[in-house]
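J.: Based on the sequences and whatever the hints tell you, model everything.
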Amino acid sequence: MDTQKMLSRRRFLQVSGLATSAALLAACPAPAAAPAADTGDSGAMMETKKLEAWSRMTDLAQESIKEIIDIYNEKNTIGVEVEFVYIARTAGSQADEKLLTAVAGGTPPALHYADRFTVPQFAHEGFFTDITDFAEAAGVTKELYFDFAWDETVYKGGIYALSFDTDTRALWYNMDIMDEAGVDSSSPPSNLDELRAATEALTVRDDTGAVTRYGFNPIYDQAWLYTWGFGFGGSFQDDDRRITFAHPQNIEAMQFVKSFIDEIGVEDIDAMLAACAGGNCRGENDYFWTGQSAMTCSGNWKVAQHHRYKPDTNYGVVPMPGPDGPAPHASWAGGWSWAVPFGYDDVESAFDACFYLCGPEGQLKYNKDTFHIPTIKSAAEDPFFREDPLHAVFMDLLPVSHARPPIPLGSKLWDLQVKAFRDEIPHGLKTPEEALMDIDEEINAGLEEIGFFS
Amino acid sequence: MVADSQPVSPQFARDHARRVMARRLRGLMRSVLIHASLIPAAFVFTLPFLWMLSTSLKPDVQFYAYPPVVIPSPFQWSNYPDAVKFITFFLYLRNTLTIAVLATIGVLISSSLVAYSLARIPWRGRNFLFILTVATLMLPFQVTMIPLFIVFKNLGWVNSWLPLIVPHWFGGALYIFLLRQFFMTIPMELSEAARIDGANELKIYYSIILPLSKPALATVAIFEFIARWRDYIGPLIYQSDQ
Amino acid sequence: MATATATANLPRRRLSQGTRHTINGLLFASPWIFGLLVFWIYPTLASAYYSFTKYNGVRNPTFTGLANYIELFTKDEEFLAAVYNTVYFAVVSIPLAIIFAFGLAMMLNAKIRGQVVYRTIYFLPTLVPEVALALVWIFIFTPHNGLIAAPFRAFGSRGPCWLTCAEWARPTLVLLALWIIGQQIILYLAGLQDVPQDLYDAADVDGANFLSKFRNVTVPILTPVVFFHLITSVIGALNFFAIPYIMTGGTGFPANSTLFYSIYLYKNAFHYLEMGYASAMAWLLFMFTLVVTLIIFRSARLWVFYAGGED
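Protein chains in written order, with my numbering: chain A, 3 to 456; chain B, 1021 to 1262; chain C, 328 to 638.
Each statement offered as a hint is correct.
Straight-line alpha carbon distances no greater than 30 Å define the calculated DSS-like cross-link-like pairs of lysine-lysine that follow:
#1 C/Lys540 / B/Lys1234
#2 B/Lys1173 / A/Lys68
#3 B/Lys1234 / C/Lys438
#4 B/Lys1173 / C/Lys381
#5 A/Lys52 / B/Lys1173
#6 A/Lys260 / C/Lys402
#7 C/Lys402 / A/Lys432
#8 A/Lys370 / A/Lys52
#9 A/Lys68 / A/Lys51
#10 C/Lys381 / A/Lys158
#11 B/Lys1173 / A/Lys51
Note that these hints are calculated values from the structure, not bench results.
T.: Next up, the structure:
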């Protein structure tokens, strides 16, 4: 027994030492999994009031937001100090467990960074504070903002968030790969037949038939159900605010996507999606930057990545191809916003900080730093946003871009459409028509139940 | 009597030698067999780590290179300081270790006391308490998270380390269960004898049961330490300051 | 009974032994009982109440009776898929985990060269947060350019589709879960330390071979550990969450084959803000687990051997 006392102190130390080194290794492929402890300056003066601003942004975006907050802390006249707090999420999750728990427990932060299309839902559920009075007193009006951005921050006539940035979607292509593959990079695909032909020409396979370089993946990156549906001239909400995924043009779009996937091979499409689960293809590991995908439907934020990761490779951007030629209207605008969580006592101070962040100064700095687009119309006219020719393409899409239907069941709808688009339709579990009708049925019933239409 | 004085016959000596040889051979065969099954399995078990290590040293373009790049070229040693800086790793490490050590000490003491009660003291209601203890493991954390947060808030513990440490000082259901299982394998006669000698329960607990349960106690210490170590969702939810 | 009469005759006894045992028992268990009262009672009762309400975590819950439970069983296809996947996972993975952990512990307990190295290696995966492990597995188990595809490619085959097709997704997850049995191995090793050497010596004298020693000495002595492992792995398997959640983003793709009970529960609670519905799911799971556990408890009398005696 003595000779093999397995858990001696020495052994325990060995194991602990290994625990440490293993965790060090683990930290590297998974930086997002470990919550970043805040090192921020804690030597604050007693008389300034501290406001926490929670955000899940990392990298460039986080740096920029912190700088804007520093400027605000210098300038503000109401004696508050905003502190940026990084909120890690469970990887791959759309949920904000930490915010929900804090609001439920009555200890919310002053400001929360919210994906704008979820604002109506959070407003409906009572997680955000109605800031209409403060906004009106500060001179915030609908006319200042792009319609789609404004609509997403308003629920039942009340303002629940101020929009911060927006983005549009188009087709990115790698000109160097095209030249090498003998595809004319000066005339990128302008309609769907050309897109299919280019995809075929740019795809490379190994002996087993597996794709080693994708020409284009029609259900990856920003090529979503919305993108294809809008591109085919479909719409997702009618005048009564009912969801209309089964709009004839959307069905047609999904029939096209299905046949496109079959042409490429659904197992190859799946392989790429599986590889990129858990955010494994974020940033530099994006197949588009590694040259493993020649084209992708994506947004203007890629301009910043282009400068950062691949300044020496030549890329081009054109509006998404549609059935009858270029379809700039395939683009839809997303973006983020800042809201005051429900239960935060000093709404006035919180709004003051929010208004600076989302006002012209905050928006201009953030959107220039990260290559997003201001939601304040006058700020978006800043010449900076047209200096980069690729970014200029995205600016041109702004007037024709759509928005996702702003409804209080945003998360449910998002999950359902992802399921239809990436699982049911590609794998033939449902026909496009069935899949889309099922979405309408479930969501409209849910909206009916909560009295959304009345 | 006779056997003692009888000299060993040569035949017996030869047989004995053959038996010893056979036993050695069997022993050798056995250890070869064990190695033969442990080595491939060990390779499979280390694979994620080797891959992690290799990936962590790769330039980013090689993450998903085709075919997979096994040995990074060039080695990107600079990935390490980058990652460390990004998540302020060492600060996190220090905090985690402090929490883990404090929680482990507390859970070890209280869980062994409770397990002693469940396994070694025959009192009415101990089976009910035992089943209740195991039952506490069954309700998913997701739905008790918010009410538990409210408990912590009412105690004034939000934004402190207390929620991550103090609850463990009242014992952990898993470890109470585990230690109970081990304590129950110790013959009851040992306790009975000590009781007759006038030892009280506390004395039996620390001078008989604990020394006989070192492997189990070490197991609990390791489990708890690692559980706290891996616990990322706790700090995420109950803390926003440090 | 015999001991009771014997001790009753001892002098200087003021309290009856039964009372003394009850007092001691409660005293020793008091930290835990106190902990249950403070940290467990309220969250448990609260979640039980929420399961009969419509509740989003913030607004006051509105009582809806059995509506959540009725909806789960009559309308919710994803719930049924999640139940199926979870039960499948539990039924397939638990016996495998017990066999593997027990077997590896036996081998790691043998006096062989490199014992320490082997033990360390098998324990390694349990040190890493499951989230990090899941991310590495995504890299490895990617059908075309993952490491796992390399040997298949050498034979000109694409290899299995792993998590990307419904037929392979569940078995793949069972396989991955076997990777983290290091803690169970430790547990069995600790149990093996407890086997008294004289039992083996006695068996040797009787001329018992390895197999009969294993069956008649090792296994009976380890049944309390197997019992612990069985119960905790039932609970663990029914709450399987982090690995599939990270590897599929919680989508349940393909064809709901990776949608596990606690993933669906989590989505209801935090994505869809249906805390009441999630609480109903949690309580169903709780009741189911409790029933399974109680059956195992009852069966324990037939197969678990305690040297310290039973009640």
